[in-house]
Amino acid sequence: DAKTTQPTSMDCAEGRAANLPCNHSTISGNEYVYWYRQIHSQGPQYIIHGLKNNETNEMASLIITEDRKSSTLILPHATLRDTAVYYCIVRITNTGNQFYFGTGTSLTVIP
Amino acid sequence: EAGVAQSPRYKIIEKRQSVAFWCNPISGHATLYWYQQILGQGPKLLIQFQNNGVVDDSQLPKDRFSAERLKGVDSTLKIQPAKLEDSAVYLCASTLQMNTEAFFGQGTRLTVV
Numbered sequence: 001d002a003k004t005t006q007p008t009s010m011d012c013a014e015g016r017a018a019n020l021p022c023n024h025s026t027i028s029g030n031e032y033v034y035w036y037r038q039i040h041s042q043g044p045q046y047i048i049h050g051l052k053n054n055e056t057n058e059m060a061s062l063i064i065t066e067d068r069k070s071s072t073l074i075l076p077h078a079t080l081r082d083t084a085v086y087y088c089i090v091r092i093t094n095t096g097n098q099f100y101f102g103t104g105t106s107l108t109v110i111p
Numbered sequence: 001e002a003g004v005a006q007s008p009r010y011k012i013i014e015k016r017q018s019v020a021f022w023c024n025p026i027s028g029h030a031t032l033y034w035y036q037q038i039l040g041q042g043p044k045l046l047i048q049f050q051n052n053g054v055v056d057d058s059q060l061p062k063d064r065f066s067a068e069r070l071k072g073v074d075s076t077l078k079i080q081p082a083k084l085e086d087s088a089v090y091l092c093a094s095t096l097q098m099n100t101e102a103f104f105g106q107g108t109r110l111t112v113v
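In the order they appear, the protein sequences are chains A and B. Heads up: the first sequence begins at 1 in our numbering, then just goes up one per residue. Heads up: the second sequence begins at 1 in our numbering, then just goes up one per residue.
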């Protein structure tokens, strides 16, 4: 079963920051938070992951709360190509590296 | 770097027929996954291989689904016989090692009629 809760859908204006929240209140100390996105008719694409500290790469930033019970994925300047379903995943490391997906957040970037 | 390759891209079969999907992971990736994604849902893990050994197949419907990775490289997933509810996209993914991200293929869209 998925261990995360995300809003079903969100809209964001083009050029603005998209902030996608995720709750993972039962996360364990050795579990990472991963974010993937899936554009229509494609396989999921890795975005970013983190354990405790905030992370940033060329695609996005990941902000993890101090208690690690929630996180936010930030797309700093959303474009139309960022329209996709975004999945927040808590990776279970003690049973072999699986990735369990929930239903994700459908982000629509509006022109 | 070449990505995860899957074939065929699309497949339409009648119920009770058999079907097989093929996946070639990224070179050097030891871990391989098969996922099933039903329309409107997130991907669901079916089976995980580490090299040619099965790590987790707890969610694989073993009465009709089978998968193998004989030489620890490419893998096949088979459904025999197919049911209408097997209509889905079948995704293959691979990771280099533990604690690294998974790379996904484009998937095979199966329609059972």
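If you're looking for bench data, these hints aren't it; they were derived computationally from the structure. Every residue, glycine too, gets a C-beta built ideally from N, C-alpha and C. Careful: at least some of the hints might be erroneous.
[To be verified] Stretch by stretch, here's where chain A covers chain B in the computed footprint (C-beta under 8 Å, at least three residues): (1) 9 to 22; (2) 58 to 70.
[As the list claims (entries may be wrong)] Under the rule of at most 27 Å between Cα atoms (straight-line distance), these lysine-lysine pairs were calculated in the DSSO-like manner: (3) B:71 x B:15; (4) B:78 x B:11; (5) B:11 x B:44; (6) A:52 x B:11; (7) A:3 x B:11; (8) A:52 x A:3; (9) B:11 x B:83; (10) B:62 x B:78; (11) A:69 x B:44.
[What the hints assert, rightly or not] One side of the interface only, derived from the structure: several residues of chain A facing chain B at Cβ under 10 Å: (12) 12; (13) 19; (14) 70; (15) 76; (16) 89; (17) 101.
Results for each hint:
1. 9 to 22: violated (count 0)
2. 58 to 70: Three-residue rule not met by the stretch 58 to 70 of chain B, so violated; n is 0.
3. B:71 x B:15: With Cα atoms ~31 Å apart, residue 71 of chain B and residue 15 of chain B exceed 27 Å; violated.
4. B:78 x B:11: holds, 13 Å
5. B:11 x B:44: holds, 20 Å
6. A:52 x B:11: The given pair, whose Cα atoms are some 43 Å apart, is violated under the 27 Å limit.
7. A:3 x B:11: violated, 32 Å
8. A:52 x A:3: holds, 17 Å
9. B:11 x B:83: Satisfied, since the Cα-Cα distance of roughly 14 Å is no more than 27 Å.
10. B:62 x B:78: Holds. Residue 62 of chain B to residue 78 of chain B sits at ~10 Å (cutoff 27 Å).
11. A:69 x B:44: holds, 23 Å
12. 12: Given a least distance of 21 Å, the restraint on residue 12 of chain A is violated.
13. 19: Violated, about 21 Å.
14. 70: violated, 19 Å
15. 76: violated, 21 Å
16. 89: With a minimum Cβ separation of about 9 Å from chain B (threshold 10 Å), the hint on residue 89 of chain A holds.
17. 101: Holds: closest Cβ of chain B sits about 3 Å from residue 101 of chain A, inside 10 Å.
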